[in-house]
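Participant: For the record, the sequence lines run as chains A and P.
Numbered per our numbering, the first sequence spans residues 1 to 244.
Numbered per our numbering, the second sequence spans residues 1001 to 1312.
These aren't lab readings, by the way, just hints derived from the structure by calculation.
Yeah, the Cβ is synthetic: ideal placement off N, Cα and C, and Gly gets one too.
Treat the hints with care, since some could be wrong.
Derived list of chain P stretches under chain A, where covered just means 3 residues or more per stretch with a C-beta under 8 Å from a C-beta of chain A [as the list claims (entries may be wrong)]:
{"no.": "1", "region": "1150-1159"}
{"no.": "2", "region": "1179-1192"}
Derived CB-CB ranges, DEER-like [said to hold, decoys possible]:
{"no.": "3", "chain 1": "P", "residue 1": "F1063", "chain 2": "A", "residue 2": "T139", "range": "29 to 39 Å"}
{"no.": "4", "chain 1": "P", "residue 1": "A1056", "chain 2": "A", "residue 2": "P58", "range": "20 to 30 Å"}
{"no.": "5", "chain 1": "P", "residue 1": "A1080", "chain 2": "A", "residue 2": "K92", "range": "20 to 30 Å"}
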Amino acid sequence: VSAAGSSALLPLAKAAAEKFESAHPDVTVEVSAGGSGQGLAQVEQGAVDIGDSDIPPPPEMTDLVDHKVAVVVFAVVANPGPFNDKVTSLTKDQVVGIFSGAITNWKDVGGGDQPITVLNRPDNSGTKKVFVSVIMGTTALAAGTPVEDNSGTIRQTLATVAGSISYLATPYVDNTVKALALDGVDGTGDNVSAGKYPFYSFEHMFTKGAAAGSVKDFLDYMASDDVQNNVVVPAHYLRADAVK
Amino acid sequence: LEAEAAAQADTHPSATKNRRSSWSLTRITDISASWLLAGAAAFLILGMAAVVLFLARPGVRTFSFVSPANFLAGRTWSPASNFFGAAPLWVGSLATSVLATAVAAPVGVISAVFIVEIGPPPIVRLLRSAVELFASIPSVVYGFLGLTLLVPALQRRPGDTGLGILPAGLVLAIMALPTIVTVSADALAAQPRARREAALALGATRWQSTWGVLVPAATPGIVAGVIFGFARAMGETMAVQMVIGNAAVMPRGITTPAATLSSEIVMEMANTIPGTPQNDVLFALALLLLVGSAVLIAIARRVARRAGGANA
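Given these sequences and hints, build the entire structure.
Facilitator: This is the structure in structure tokens:
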């Protein structure tokens, strides 16, 4: 079984693959990451059995079958400092204002006098696509902001640049940065399941046509309680069935 | 050669049998060596052709959805929204490379003069190995140093990211230095000894003979070295991507985030789907980079050839 694609999904897929291989010594599962786009293209071309992706395939790839394997929750995340001690939540409109360039200072969202530095991910990053579709809607992002191609760099920059703000998948959030609630709602699993927190997406594994044989066994295993409870949840993702 | 060998064999009939076997061995070696050399050369040429073809197909496909003029002169780069203006990127590439060369060329040429003309041998040996070491450090290490030393130092006001053309140009200057030093030093060292001696015989001081005679005579070679350094800076990807901020907009200054042709390719390649315009246009960027490098190398070679002519 070969799987390629999303680097966000790589740690989950790898951990599950190792457990699967030890239970099925006759099957090897090869997992690699080259980006969601590459994963989709390779499964469409038949180069791999499974394409890992954070993003839905383009409409012309009609024969890809979706297997949702986890839910990833995102958060608006800021550099922590005295200027935003009192800011624990932003409204969706405030977030749109900040990322479109209309709001440029923390004092305009209830904080101290500190210019806001917006950081973005590349246009084709899954995280950014979700941010744009869930939060920004049709409002354009401000141009000219720094762009970093992985979440680790975003977190590191957020930790060091005063007044900076961006968005991250919650598995990347640690105590060097400050996750903000959205409209007063924290991005917890319960809030996501209850439909109160909209900033999340599914991690997908796509097959070309219906999965069969070992590929189907592996995908079934990804969806099993063993993987969902012992791999997905400890990695700070939500179970694939956390959102109906 | 064959005929000669046959003739020799005829003149020494007693040794014919013995010789023939050794000749045939020589011939086998000859033939296999020439095949090996031809094969290596063919591999090189085929490899080059493959690279060009590989870039050309999707690159040229780009021009079915954006005109070459809009691609080159367009100021809005946002492939996801179908804006394919690459001007911010090649301007970024040029700006970082010009800055890098402006810093590296004087330092590099002076170092080369020191190595060839002035330095005492032990220090020169040390300097030469330092240059070789500089050249062999992986670019990600330079990027990492830039990100951890240079970028924080450039965060002057709160809210500054410290990312932009300035840190990228400075990192590239260090990376272009070995090329400039090596090629310039070779050009200086290639100056005939007679030229040095003639200058000294005319009563020139060491300073006068170095700057008045040798450096001017070696100028074409030095210029070629600087151009190679410039090309090196333009092609560098990893180190630039780490410190430039990757904002694909027309640079507004050297301390605001920008992007280059190569950094944008690496940022977008993994997440775009082959065959889509968003992916094709990255090949067009690569093609532009290839054409730019080819032009630079052609200029450098022409300049260097003039140097050869002058020396002869």
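Participant: Does each hint hold? Answer for all of them.
Facilitator: Each hint, compared with the structure:
no.	hint	in the structure
1	1150-1159	holds (count 4)
2	1179-1192	violated (count 0)
3	P:F1063 to A:T139: 29 to 39 Å	holds, 32 Å
4	P:A1056 to A:P58: 20 to 30 Å	holds, 24 Å
5	P:A1080 to A:K92: 20 to 30 Å	holds, 22 Å
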